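Mind docking chain B on chain A? Use the hints.
Listed below are the residues making up each chain.
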Amino acid sequence: MKICKKYKNEWPAFVGGELSPGRTEEMAAHLQTCAACRAELDEIQKLMAMTESFKAELLEVMDTVDWEALPADITDKACERKVRPAPAAVPLLGRLWKWQPAVAGLFLGLLLGGALTFLVFKPQKPGGLIARPEAGLSFPADMVDRVELALARRETIDYLKRSQYLLLDLMQNGQPGESSLIRQERIKQLLTEKKYLNNQLDDWRLMKARAICDQIELLFLELSQLSPELSARELEMVREMVEEKQLLLKINLVKKELQQDEV
Amino acid sequence: MEQNERTVEFQVEHLVDRIKNGDREAFMKIVAAYQQKIFVLAYSLVRNREDALDLVQEVFLRLYEKVQSYRPGESFQAWLMQIARNLSIDFLRRSKIRKKDSLDGLDLDRADLAADREDPDRFQTGELIRRAVLALPEKQRLVFILHHFDELKYEEIAERLGIAQGTVKSLHFKAIQKLRKALSPSLGGAR
Chain A
1 MKICKKYKNE
11 WPAFVGGELS
21 PGRTEEMAAH
31 LQTCAACRAE
41 LDEIQKLMAM
51 TESFKAELLE
61 VMDTVDWEAL
71 PADITDKACE
81 RKVRPAPAAV
91 PLLGRLWKWQ
101 PAVAGLFLGL
111 LLGGALTFLV
121 FKPQKPGGLI
131 ARPEAGLSFP
141 ADMVDRVELA
151 LARRETIDYL
161 KRSQYLLLDL
171 MQNGQPGESS
181 LIRQERIKQL
191 LTEKKYLNNQ
201 LDDWRLMKAR
211 AICDQIELLF
221 LELSQLSPEL
231 SARELEMVRE
241 MVEEKQLLLK
251 INLVKKELQQ
261 DEV
Chain B
1 MEQNERTVEF
11 QVEHLVDRIK
21 NGDREAFMKI
31 VAAYQQKIFV
41 LAYSLVRNRE
51 DALDLVQEVF
61 LRLYEKVQSY
71 RPGESFQAWL
81 MQIARNLSID
91 FLRRSKIRKK
101 DSLDGLDLDR
111 ADLAADREDP
121 DRFQTGELIR
131 RAVLALPEKQ
141 RLVFILHHFD
151 ELKYEEIAER
161 LGIAQGTVKS
171 LHFKAIQKLR
181 KALSPSLGGA
191 R
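Quick note, the sequences are listed as chains A and B, same order.
To convert, note that position 195 of the first sequence is 195 in my numbering; the numbers rise steadily by one, no gaps.
To convert, note that position 22 of the second sequence is 22 in my numbering; the numbers rise steadily by one, no gaps.
It should be emphasised that the hints constitute simulated quantities derived from the structure, not laboratory data.
Fair warning: this is a prediction, and the values are worked out from it, not measured in the lab.
Do not rely on the hints blindly, as some may be mistaken.
As the list claims (entries may be wrong) - If you only want the chain B side, here are some residues facing chain A, beta carbon under 8 Å, derived: (1) Asn21; (2) Phe27; (3) Val40; (4) Gln57; (5) Ser69; (6) Tyr70; (7) Asn86; (8) Phe91; (9) Thr125; (10) Ile129; (11) His147; (12) Phe149; (13) Lys153; (14) Tyr154; (15) Leu183; (16) Leu187.
As the list claims (entries may be wrong) - Dumping the calculated DSBU-like pairs for lysine-lysine here, alpha-carbon to alpha-carbon at most 35 Å: (17) A:Lys256 - B:Lys20; (18) A:Lys245 - B:Lys29; (19) A:Lys250 - B:Lys174; (20) A:Lys255 - A:Lys188; (21) A:Lys77 - B:Lys20; (22) A:Lys208 - A:Lys161; (23) B:Lys139 - B:Lys178.
Glycine included, each C-beta is placed from N, C-alpha and C at the ideal position.
If we strip away everything but chain A, and leave its shape as in the complex, we get:
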């Protein structure tokens, strides 16, 4: 049968009574003369009839619910959930104490690394040479800039990778247990690293990376405030947040971009 496109997009609205009286009359008149549109309308009406059967079932089910009692039930549960005390959090210092050697080592490493980087690539006048007469070394300033940027990229990629593993771990496993304590420590390490990474991320060429790293940091900060044993609900909220902000996808994209720039 020939297809009539004149009112094709409007038949559902016609059936639902959503059109103006003028338009409805116009289309009703058109139906008298157009077999293609009559067939179109017929099929939509059959679909509506199927829908009606589901709607009838829905109404029957709704009749079996005690709608007057439900608000009080839900309100009781909401209030109960609100007053339930949160799981006692282990003091932050107490938790850190256990990992003190590791944190101290990491801190010392970062400090020494930073100091060495500063000594080797000490900033000089733009366009000039970095001269180290005692070592007999000299670097053009733009090269230093490139090296610094490359280092910052690598560290950012590394930070993103480890954050990604942690998020994946949360998305896939996330069950409470011994691993939750380790996870909490990993979160703390990543938070510490982010503080040191911030200076390097100030570079305008790493603006995108900075934005995603900041989002990750916010999430980790929230997680660090919670007890290591996340409840199912907390876990669900974290998952929602990761999905809603598309964190994993963004991490992948930024990582790729940084790796390409590195080449």
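For chain B alone, kept in the frame of chain A given last:
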């Protein structure tokens, strides 16, 4: 009409303010006002009374927790529907994983249940519709459910979802086209 809507919005915002201050009665009023709307959406997606009621409860518990993040001036209905939509989708995702359910064919346990129903034909028709509706893209699915099961006009759907009326019309048309294609054997059409 417009005046009425403004009054209702004002009342809802007032109730939400009271909930923010821990007013139990205000929360109950909000639940009473929106419980059936949420149920229609939930049941249309999960087609199980108990699961739909659990979802209704979960939506309001979430509302109670997150009420501080509701900003006055936003459409409260659109905000609440967003919560309901997210929770329903999560529920479906979880149950899909649990049952290794597939939208391609009929769910076996539901099909078995059909034999025990008073009217197996109607059950199967309902199941076909549910599956076809579930397979729609999210916005088309919502518009279809609100228009056909909740009997809302385009204008009301636009208000509830916070989108333009023209968009609702277009989404509804696309939903109908997709459903016709998916259900063409049952409709007896050649599509």
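Okay, the hints, checked on the actual structure:
{"no.": "1", "hint": "Asn21", "verdict": "violated, 13 Å"}
{"no.": "2", "hint": "Phe27", "verdict": "holds, 5 Å"}
{"no.": "3", "hint": "Val40", "verdict": "holds, 7 Å"}
{"no.": "4", "hint": "Gln57", "verdict": "holds, 5 Å"}
{"no.": "5", "hint": "Ser69", "verdict": "violated, 12 Å"}
{"no.": "6", "hint": "Tyr70", "verdict": "violated, 15 Å"}
{"no.": "7", "hint": "Asn86", "verdict": "holds, 7 Å"}
{"no.": "8", "hint": "Phe91", "verdict": "violated, 11 Å"}
{"no.": "9", "hint": "Thr125", "verdict": "holds, 5 Å"}
{"no.": "10", "hint": "Ile129", "verdict": "holds, 5 Å"}
{"no.": "11", "hint": "His147", "verdict": "holds, 6 Å"}
{"no.": "12", "hint": "Phe149", "verdict": "holds, 6 Å"}
{"no.": "13", "hint": "Lys153", "verdict": "holds, 7 Å"}
{"no.": "14", "hint": "Tyr154", "verdict": "holds, 5 Å"}
{"no.": "15", "hint": "Leu183", "verdict": "holds, 7 Å"}
{"no.": "16", "hint": "Leu187", "verdict": "holds, 5 Å"}
{"no.": "17", "hint": "A:Lys256 - B:Lys20", "verdict": "violated, 44 Å"}
{"no.": "18", "hint": "A:Lys245 - B:Lys29", "verdict": "holds, 32 Å"}
{"no.": "19", "hint": "A:Lys250 - B:Lys174", "verdict": "holds, 30 Å"}
{"no.": "20", "hint": "A:Lys255 - A:Lys188", "verdict": "holds, 22 Å"}
{"no.": "21", "hint": "A:Lys77 - B:Lys20", "verdict": "holds, 17 Å"}
{"no.": "22", "hint": "A:Lys208 - A:Lys161", "verdict": "holds, 16 Å"}
{"no.": "23", "hint": "B:Lys139 - B:Lys178", "verdict": "holds, 13 Å"}
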